[in-house]
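Engineer: Using the sequences and the hints given, assemble the complete structure.
Number of protein chains: 2
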Amino acid sequence: MNTVLFRDSQVRVMENTVTNAEKYFGQFCSLLAAYTRKTARLRDKADQLVKQLIDFANTENPEMRVTLRNLAEDLAKVQDYRQAQVERLETKVVNPLKLYGTQIKQTRAEIKKFKHVRNNEIKQLEKLEKLRQKSPSDRQMISQAETSVQRASVDASHTTHQLEETVDAFQKQKLKDLQKIFSDFVTIEMVFHTKAVEVYSSAFQALDNYDLERDVEDFRAKMRGVCGHYNAQPLTDTTLSAAVPWSLPAQRDRSIIRSQRREEEASKDHPAEEDPVDDLKGLGWDSINRMKAPHMEK
Amino acid sequence: MNTVLFRDSQVRVMENTVTNAEKYFGQFCSLLAAYTRKTARLRDKADQLVKQLIDFANTENPEMRVTLRNLAEDLAKVQDYRQAQVERLETKVVNPLKLYGTQIKQTRAEIKKFKHVRNNEIKQLEKLEKLRQKSPSDRQMISQAETSVQRASVDASHTTHQLEETVDAFQKQKLKDLQKIFSDFVTIEMVFHTKAVEVYSSAFQALDNYDLERDVEDFRAKMRGVCGHYNAQPLTDTTLSAAVPWSLPAQRDRSIIRSQRREEEASKDHPAEEDPVDDLKGLGWDSINRMKAPHMEK
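Residue numbers (this note's numbering), protein chains in the order written: chain A, 1 to 298; chain B, 299 to 596.
To be clear, the hints were calculated from the coordinates, so they are not data collected in a lab. All clues given are correct.
One side of the interface only, derived from the structure: several residues of chain A facing chain B at Cβ under 10 Å:
(1) Met14
(2) Lys23
(3) Leu31
(4) Glu60
(5) Glu164
(6) Asp168
(7) Thr194
Note that CB positions come from ideal geometry on N, CA and C, so glycine has one too.
Structural biologist: Here is the structure:
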């Protein structure tokens with residue numbers, strides 16, 4: 001009877017292994033899928049922030065405009081990296097966990113087959129026991145039953161061996177995959193955070209370089225500029241009510257001065273004033289396309 | 299009439315400044331509040347993952363158990379940093395943006411006051427114009443009206459000056475705050491991502507150190523251990539059906555062998571087998587408290 005009991009406890013070890021894998025891999029899969037979705041939502045919010053920063057930049061003087069655009073550009077870059085993070089999490093973490101269902105089903109089928117064979121062994125043993133009690137003198141029947149028990153036992157031992165191999169392979173693969181999936185998860189996160197540190201470091205520098213005093217001077221000049229402008233060329237009521245962008249002349253003048261003072265920055269300032277398409281200049285194409293297309297979100 | 303026109307266009311510059319600030323600061327406030335909430339939700343998902351990792355670790359052999367616990371610990375640390383990030387975003391980014399409402403209201407009130415004074419100036423001018431057309435010879439009335447215009451003009455010029463100062467101060471403060479708020483945002487993000495890189499680097503190392511072969515050997519030994527156990531002490535059916543943890547004896551034996559082989563790791567393996575409270579051993583108190591308390595989420 002020891003063999004049967006051993007097989008009972010051994011199958012329990014195997015069943016536990018498969019049951020735990022099924023339970024926890026399922027949970028990991030849905031948790032990591034949710035984690036990926038929440039990351040995608042964070043990316044969407046940051047994308048909206050990028051858009052608002054660009055819109056707002058266009059209402060500001062050149063100094064703040066350049067600063068906000070640089071910030072928007074850097075923030076968009078981080079979202080491009082986040083998008084890559086989302087795609088990698090899906091491919092290398094969530095999908096492999098999903099595929100586990102099939103492997104678990106196969107192993108479950110092996111265990112079911114084993115249980116069937118084992119039940120047959122127990123049935124034959126019980127039959128033999130009954131015969132020995134009911135007709136202990138019927139040597140032929142007992143011998144027949146003993147042969148059946150032996151056959152069932154050989155079957156069970158064979159199936160046990162098969163099952164052992166299956167569960168062994170399953171366990172080895174499971175451990176390997178666990179290490180691989182979580183290493184991939186950690187690597188994907190690590191790459192994203194490293195890139196984010198890089199981009200935010202440069203964003204911090206750009207914000208730090210912002211010249212508040214120059215911007216305030218620009219604002220004051222604009223107020224005076226409006227004054228000087230109207231004093232030089234008195235306007236009729238009609239001209240005043242026309243929808244001319246109020247700050248354009250003053251800005252053009254100033255951006256010419258700026259281009260003389262800081263040649264390297266002039267190329268950034270000029271086109272944006274004339275062409276609204278250039279609002280997204282300098283942003284990665286990825287983030288522009290993402291802004292246009294609705295995001296995949298399950 | 300030039301002065302009046304100038305004031306009209308100047309007030310439009312000022313109104314635009316305040317209107318844009320109101321519009322965009324409001325949008326930045328709600329977008330960044332949403333960004334903070336989404337970050338908090340990401341933290342919550344990761345906290346759930348930490349819990350599941352610990353639960354699953356307890357069903358695994360020592361090798362994988364230690365590996366998964368270390369991973370859970372590192373993941374919990376990242377969430378502690380994310381919690382700090384959420385709190386800092388609220389204090390240093392969202393709240394200052396919220397406070398802008400008050401400042402904008404005050405500046406709006408100044409502009410309203412100015413418009414009232416300016417309208418009076420226009421009214422006095424119109425009155426004088428009418429008088430000049432209707433009774434051009436009534437020197438006394440015209441002189442009186444001229445005095446009124448002058449007084450209204452002085453008033454308007456005084457209020458304009460006040461308004462200019464208010465808007466100047468408002469603009470300067472706004473630009474300063476913009477730089478401060480976004481610098482804080484970038485710093486908070488940068489600190490979080492830097493910490494995350496640190497923690498994930500160590501998590502990657504821990505996963506890399508995982509010994510698959512030893513774990514597979516452990517699993518096989520457990521199967522054989524169950525076998526040897528039942529062979530040495532044949533059990534009755536009653537003992538078998540009792541709810542004794544199936545793997546405990548084999549695990550104990552192995553953990554003793556392990557403690558001889560790897561003294562330094564033994565302390566990690568032992569208590570967890572006896573005391574489920576130790577599941578959270580090594581995790582920061584922050585993350586434990588966060589797991590117990592429901593998260594603040596608006």
